[in-house]
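There are 2 protein chains.
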Amino acid sequence: MPTDHTHYLSELKSRLETDLFDRVIPFWMTHSADNIHGGYYNCLDRDGSLYDRKKYVWLQGRQAWMFSKLYNTEEARDDWLAFAEDGIRLLQKFARRDDGRLYFALTEDGKPVHIQRKIFSECFYVAALAEYSRASGNPEYLSEAHTLFEQIWEWSHNPALVGRPVLSGQTPLSPLSHPMILLNLIEELEPPELTTTPRYSQEIDECIRKMLLHVDSERKLVRENILADGSAHDSPEGRLMIPGHSIEAGWFLYHWAKHRKDGMLAEQACDMIRWSFDAGWDPEYGGLYYFLDAEGYSPAQLEWFMKLWWPHTEAIYALLLCYLDSGSEDDLKRLQRVDEYIDTRLIDPEHGEWYGYLDRQGIPTHRVKGAAYKGCFHVPRAELFSIQVLRESLT
Amino acid sequence: MPTDHTHYLSELKSRLETDLFDRVIPFWMTHSADNIHGGYYNCLDRDGSLYDRKKYVWLQGRQAWMFSKLYNTEEARDDWLAFAEDGIRLLQKFARRDDGRLYFALTEDGKPVHIQRKIFSECFYVAALAEYSRASGNPEYLSEAHTLFEQIWEWSHNPALVGRPVLSGQTPLSPLSHPMILLNLIEELEPPELTTTPRYSQEIDECIRKMLLHVDSERKLVRENILADGSAHDSPEGRLMIPGHSIEAGWFLYHWAKHRKDGMLAEQACDMIRWSFDAGWDPEYGGLYYFLDAEGYSPAQLEWFMKLWWPHTEAIYALLLCYLDSGSEDDLKRLQRVDEYIDTRLIDPEHGEWYGYLDRQGIPTHRVKGAAYKGCFHVPRAELFSIQVLRESLT
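Chains as they are written, first to last, in the numbering used here: chain A, 2 to 396; chain B, 2 to 396.
One or more hints might be untrue.
Because identical chains share one entry, a pair is satisfied inside a single copy or across any pair of copies.
Stated by the list, open to error - When the alpha-carbon atoms are kept at most 35 Å apart in a straight line, the in silico DSBU-like pairs for lysine-lysine are as follows:
1. K112 x K334
2. K211 x K112
3. K259 x K119
4. K262 x K334
5. K94 x K221
6. K94 x K14
7. K55 x K259
8. K94 x K259
9. K262 x K112
10. K221 x K55
11. K55 x K119
12. K221 x K112
13. K262 x K55
14. K94 x K119
15. K334 x K55
16. K14 x K112
17. K262 x K211
18. K112 x K259
19. K334 x K94
20. K14 x K221
21. K262 x K94
22. K334 x K119
23. K259 x K334
No lab work stands behind these hints: they were computed from the structure.
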């Protein structure tokens, strides 16, 4: 890394610390706590006031994971541990069904409202259990996490098991979301630095192999859904690109490349991040598009042109990893571009936590800070991880 | 109706005729036909070229209905009848399951791809069967339509029957969509002018009563989802308004008010249309919003601020009915406002058929003319019905 950029990196670190510790974490601690029923309110308006009392299970798991991670890696604060426990208790008591599946949404007092035919409620619960097990020092949570992970592994290989109808006209496409979240979960279940006898080496290999099939090196793009052999399918689903998603997948891969000291994999991971960023960036108004079609057709999703918060959280951390790895000016420019967009468009210095939904021009379309899919997760995770790698690289 | 506006109305009629007969109908006849497998392609780019080969069952039914309706009420053209038959055949052969349910999406050669846990694939098939029965002179289609309608009636009163999980934390909310589509279907199944012994008088009463519960006369707004007694539920679902939807519901009601010569119901229907239009219109950029929250919160839907084609097709026909009924300047202004928006933003004089999806500012976000939910239906239906009432009122 060229020394003349240490000033920028150290200033970036200090801005991230201010946002995370003075604005983002206090926002969630103040406004999401439910001292009566436990767990966390999710639907928070710009100033943190409640506009819906439902509790979303993805976000319960993610927030319990986040506070456990802060406790384990940043500072052993009792209030963070207690806040994590609040979520774990609600999930254990109300979110799980007897068959291992978890609901998607609950009433504030824990009654089920909705269940998805997907594996993600379960995935984020596994991550929360694993991190909270280390925070609380109680191995039973980790053991529950392993058992459920093995169920999720089965479900991800056979979607009929979570209730998705299998019909004769369907073209079986492999989504990037499955191997990437499974790979990330293995890092949570058995962090290489804490694990002496890893259980999931074969599973890691399978996830990495499957993820790389989505990368088209010739076209320098990443497809969200592919045929089993990695080839492209000519349909809206087969042409779909989700830049934020493939950037996130890139840093999941990069972590494993570093664990395995695999330089070639690290380079593949960085290319996945760079190509996704370059394809996803709107040259006219800035910001990352939500969805794109690899052949330039209009994406099927109505909101394809919107700029969401989470592709930008994933981009800042992922591009920081790329830049710290390569030291290249191109990576620095990408990093600074997303940093400036975040700073001017997404951060809310007045009330804390980022805006979630902007139009193509970068104006907020929604006032909310929390919603069914936006909780205490992407912003604090990206900020915490970025601060931690910056701290390491700047010393 | 003040005579000095007949010039505007007659000029409007002539513009609608040009668009419908020179641009919209030819677009679908040229580009959606599948002469090999039957049925209609739906996913058509701006110029009519195919970007996906899947066939969407809502749109198969709606297009078969549309060409049957053109044949029955406009001109008995053999090519229109044959084109309607194309859709009916595909639906009968491939879309129906043994239990009466219909799939949502098929491959081009009819294999099932997706099924919804909703009643609408079946509803649009019933409408198509009824209209095609009159076009073909074959009463068996109408008889099939009645049988399926009675099944749909049951399903609409018990959503668990189409596979929606019933969970203890759910607040049962009544959607406007059910009574409005059922009321519209009864008009298709037994058009009052052709029916001597109506079967569904009680069902009509129930639909009208249920629909009117959604109208809040004090606040002058229409809620999409209400508690069983008509009261509001304080949640994003309970606060939801869909202006295009309640405008469409308004003209469904207005038709029955006219059939029943019920002046008070006609006035309620017109108010439903006016209030929905006034609440939904964007004072800054024009056009009708897709979704709104009755208390001014950010709607949960990401695309709430977009301007879609179909609320505007429903508005032009509904406001025309209101104006022809009232002769009021306010209704004329509303009509002219939506007419101008359509003329400048939605119509594509070059390739035919309207743009479907605009951003808040009124710029197309999608090039497509046909998609999973946009077919040969809202535009030609509103234009045909508008032309027909204008023709009647101008003579």
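Evaluation of the provided hints:
Within a single copy, K112 and K334 get their C-alpha atoms no closer than 48 Å, and across copies no closer than 49 Å, so neither meets the 35 Å cut-off. For a Cα distance limit of 35 Å, the shortest separation of K211 from K112 across copies, 28 Å, qualifies, whereas the shortest one inside one copy, 37 Å, does not. Only within a single protomer do K259 and K119 lie at most 35 Å apart by alpha-carbon distance; the minimum there is 30 Å, versus 48 Å between protomers. For the identical chains of this complex, K262 and K334 are intra-copy neighbours only, at 26 Å inside a copy versus 70 Å across copies, given an alpha-carbon limit of 35 Å.
In this assembly of identical chains, K94 and K221 lie within 35 Å of each other by CA distance neither inside one copy nor across copies; the values are 46 Å within and 43 Å between. Proximity of K94 to K14 under the C-alpha cut-off of 35 Å is found in neither arrangement, the shortest distances being 39 Å within a copy and 63 Å between copies. Proximity of K55 to K259 under the C-alpha cut-off of 35 Å is found in neither arrangement, the shortest distances being 40 Å within a copy and 43 Å between copies. Within a single copy, K94 and K259 get their C-alpha atoms no closer than 37 Å, and across copies no closer than 56 Å, so neither meets the 35 Å cut-off.
When the C-alpha separation of K262 and K112 is checked against a cutoff of 35 Å, the pair qualifies neither within a copy, at 46 Å, nor between copies, at 48 Å. In this assembly of identical chains, K221 and K55 lie within 35 Å of each other by CA distance solely across copies; the values are 28 Å between and 41 Å within a copy. When the C-alpha separation of K55 and K119 is checked against a cutoff of 35 Å, the pair qualifies both within a copy, at 19 Å, and between copies, at 23 Å. Taking the closest pair of Cα atoms, K221 and K112 come within 35 Å of each other only across two copies (34 Å); inside a single copy the shortest separation is 46 Å, beyond that limit.
In this assembly of identical chains, the alpha carbons of K262 and K55 never lie at most 35 Å apart, being 44 Å within a copy and 45 Å across copies at closest. When the C-alpha separation of K94 and K119 is checked against a cutoff of 35 Å, the pair qualifies both within a copy, at 21 Å, and between copies, at 31 Å. In the homo-oligomer, the alpha carbons of K334 and K55 never lie at most 35 Å apart, since the shortest distance is 41 Å inside one protomer and 42 Å across protomers. Taking the shortest alpha-carbon separations for K14 and K112, neither the intra-copy value of 42 Å nor the inter-copy value of 55 Å comes in at or below 35 Å.
With identical chains, the CA atoms of K262 and K211 are at most 35 Å apart within one copy only, with a shortest distance of 20 Å there and 66 Å across copies. Neither within a single protomer nor between protomers do K112 and K259 lie at most 35 Å apart by alpha-carbon distance, with minima of 43 Å and 46 Å respectively. With identical chains, the CA atoms of K334 and K94 are never at most 35 Å apart, being 47 Å at best within one copy and 57 Å at best between copies. Taking the closest pair of Cα atoms, K14 and K221 come within 35 Å of each other only inside a single copy of the chain (31 Å); across copies the shortest separation is 52 Å, beyond that limit.
Proximity of K262 and K94 under a CA criterion of 35 Å is satisfied in neither setting, with 41 Å inside one chain copy and 58 Å between copies. Taking identical chains as interchangeable, the C-alpha atoms of K334 and K119 are never at most 35 Å apart, the minima being 37 Å within one chain and 48 Å between chains. In this assembly of identical chains, K259 and K334 lie within 35 Å of each other by CA distance solely inside one copy; the values are 23 Å within and 66 Å between copies.
Violated hints for the displayed structure, listed by number in ascending order: 1, 5, 6, 7, 8, 9, 13, 15, 16, 18, 19, 21 and 22.
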